[in-house]
Amino acid sequence: MYYFGNPEVWLPFVFAALMGASILIYVVLDGFDLGVGVLFPFAEDDEKDRMIASIGPFWDANETWLVLAIGLMLVAFPAAHGEILTALYLPVTIMLIGLILRGVAFEFRAKAPAPHKRAWNSAFFAGSLMTSLSQGFMLGMYVMGLEWTWCNTGFAVLTAVFLTVGYSFIGATWVIHKTDEHLQRKAVGWAQGGIWGLVLGIGAISLATPFVSARIFDKWFSWPEALYLSPLPILSGLLVVWLWSMLRRMPFENDNASWLPFAAATALWVLAFGGMAYSFYPYVVPDQLTIYEAASAPESLFIILIGTCIVLPTIMGYTILAYTVFRGKATELRYD
Amino acid sequence: METLLLSRIQFAANISFHILFPTITIALGWVLLFFKIQYNRTKQERWMEAYRFWVKIFALSFAMGVVSGITMSFQFGTNWPGFMETVGNIAGPLLAYEIMTAFFLEAVFLGIMLFGFSRVPNWLHTSATFLVAFGTMMSAFWIIVLNSWMHTPQGYEMIDGVAHATDWSAIIFNPSMPYRFTHMVLASFLTVSFLIAGVSAFRWLIGGRTEGVRVALKTAVFGAALLIPVQIFVGDLHGLNTKEYQPAKVAAMEGNWETDTGVPLILFAIPDEEARENHFEIGIPNLASFILTHDWNGEVQGLNDFVSEEGEVLHPRVAPVFWSFRVMVGTGLLMLLVSWTASYMILRRKRGVEGLPKPALYGLVGMSFSGWLATLAGWYTTEIGRQPWLVQGVMTTKEAVADVPAPMVLSSLIAYLAVYAVLLIAYIYVIFFLARRMSRGQPIEPLTQQPKAPITRPVPAE
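Protein chains in written order, with our numbering: chain A, 1 to 336; chain B, 337 to 798.
Because the hints were derived from the structure by calculation, they are not lab data. We treat Cβ as the ideally placed atom computed from N, Cα and C, and that holds for glycine. Any given hint might turn out to be false.
Covered by chain B, according to a simulated footprint, are these stretches of chain A (three or more residues, beta-carbon under 8 Å) [to be verified]:
1) 47–59
2) 91–101
3) 292–303
4) 318–329
Chain A is faced by these chain B residues, among others (derived, beta-carbon under 10 Å) [as the list claims (entries may be wrong)]:
5) L431
6) Y433
7) F440
Given the sequences, and given the hints that come with them, work out the whole structure.
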């Protein structure tokens, strides 16, 4: 525990990094399957089945990253967990009900009698929409410092819309990768129509954060930090332009590089998330509670860390196995 | 109503709904592994038929368990922040280990178990089934470790009002953990046995008399008949353990107000919290003393011992504990009766499933969800029985509750209840719908229908 210096310093940092990584993995992985749900009303019935098939084997494990992220916050920063979640009581409830609806609709739509299938399809869409909107809303409230004022709520409503469109964008890029022919061309259209959500969302948060907090403003707009940080916005801008021009020419011959838009979208998320993490560090509750103040006792964190070091690579390993087993174009999902 | 009571009702509603599904998946995973191994060993199609039907119920139950479980992990923060702030150093690592060793294992391999049969080698599919079963068992283990620690805490010290771990093996192997874990795992196996027996009997009754139904019904009835006596024995041990560490709970279970020797076992009574006595009491003399102390005249502690000098009541409300305990025991005895009778009929002159007359089959159908009833009643006994403590002797429930406005809790509670009611009806409906469909010889639809146009190309080799 003392190998790396004071455990009250490095352990909270490691756990903040782990929690950040889980949130990032969550928004990318569950982002695409939530996005597929949000895109449901734009698809025909047989296309819906195909879209479900493209996420069916993965969504369970994708959602587990949310459990891990919230679990790590619960175990490593209990004070922050309580403070953030009681402040966001309402959106959290809506998100949970959304997650319940879409999770069970997955199963029910395939097993219930045919006439009920339409209703479960709607439940799947509604659940995905509720989850995406409330996550975007929570993101907005968090950025604004968790204070329920009219202005902040308005901003949060905007981020709710942007994140939902952003999810639908990454969902569309997933569908591009996992399907072909008509549905794939349709998904290219969805991606083109959804990219603005991502751009506006990242833009709104990047602009708002420095103006909410003088501390964050100084972190970004002082010399020489501004120079070191400049690749972040520049790279993001280039990625957007590249994605845009690529989508206009897709699908490529022989379905080449159908994974590229998804990979590029992921890279964009990573950059945006990196920027946010830089802004908020070392605070876990914006400008109120740092990770060092909120952390659990070092002995407890250490025992979790030991487990994490063994288990996390294993999780990575079998997640890769699952994505390998179900690689390629989504085909009909069968139980046998 | 005030926030505390509403928050308690909301947590109780959530966890009651949640536990229904792990209770099924914990054991059903192992039953599926059993079917799969039997198939690998004998190559008889009937085992695979049973596997294919029940793996669908597993998938459905698993999804219900996952989504209601996510709700739980958030409610710690939204409604009970005091819990993690006080005992987070102990609860935290246990929950973290549950997520890391169990949740990911089951969630990732579930995909392969459900949809991978024709995509992966047979051994990998069998291994995936094993890993999912093992994962659900691990998840049950960690959560029961935490729950048991809340009942019988040890291996910690309090510094400035916050619990710090001193001995992890004492925390994990706390005194009530082995009993509670065994009791719960057996409860899960019994729940699944009666569910499989009930649904199979239903299919048999409506004419779906396939070989797969036959093996599933027999496996389930014999399983139940073997496990129920073990469960009664383990339950008794668990009760004795509770008497040692949480005597107030046992006193409430027995409805026993005064400490006395030669205490009767009360079969029926209406406990009166105000007058601190029972009305309409019917009991068997000296039996409670015998069960709890294994001596006909042993001394049993009464509820009046758990009232402080200032009149503060430090025992749970008696009626709910008293009644849920009786519901659990009553259901258990009914399970014993039904499973033994059915086993006898099947074994009698080796007549097999044909030996079961119609009333017996209807009886099994009626018992389909008896496991749920007994499990819920058992959890109510032990959880309400811990009140007013949240962590026995360390913190009370009142100390942990969040300061959320009561109307807000009420609205979320109503929303949850509405969703849960719809889902529960849909769940039970779909199980019997699938059973009917199978019995009519219609295969269950694959998760997606065949696309109209042949737009599916073979998976490209990578």
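Check whether three or more residues of the region 318–329 of chain A sit with their beta carbon closer than 8 Å to a beta carbon of chain B. holds (count 9)
Given B/Y433 as an interface hint, is the shortest Cβ-Cβ distance to chain A below 10 Å? Hint on B/Y433: holds, closest Cβ of chain A at ~6 Å, below 10 Å.
Against chain A, run the beta carbon of B/L431 and see if the smallest gap drops under 10 Å. Since the shortest Cβ distance to chain A is 6 Å, the answer is holds.
Taking the least C-beta to C-beta distance, is B/F440 closer than 10 Å to chain A? 5 Å, holds
At a Cβ distance under 8 Å, does chain B reach at least three residues of the region 292–303 of chain A? holds (count 5)
Do at least three Cβ atoms from the region 47–59 of chain A come closer than 8 Å to Cβ atoms of chain B? With 7 residues closer than 8 Å to chain B, the region 47–59 of chain A meets the three-residue bar; holds.
Verify this for me: three or more residues of the region 91–101 of chain A with a beta carbon less than 8 Å from a beta carbon of chain B. holds (count 7)
Comparing the model with each earlier hint shows no violations; every hint is respected.
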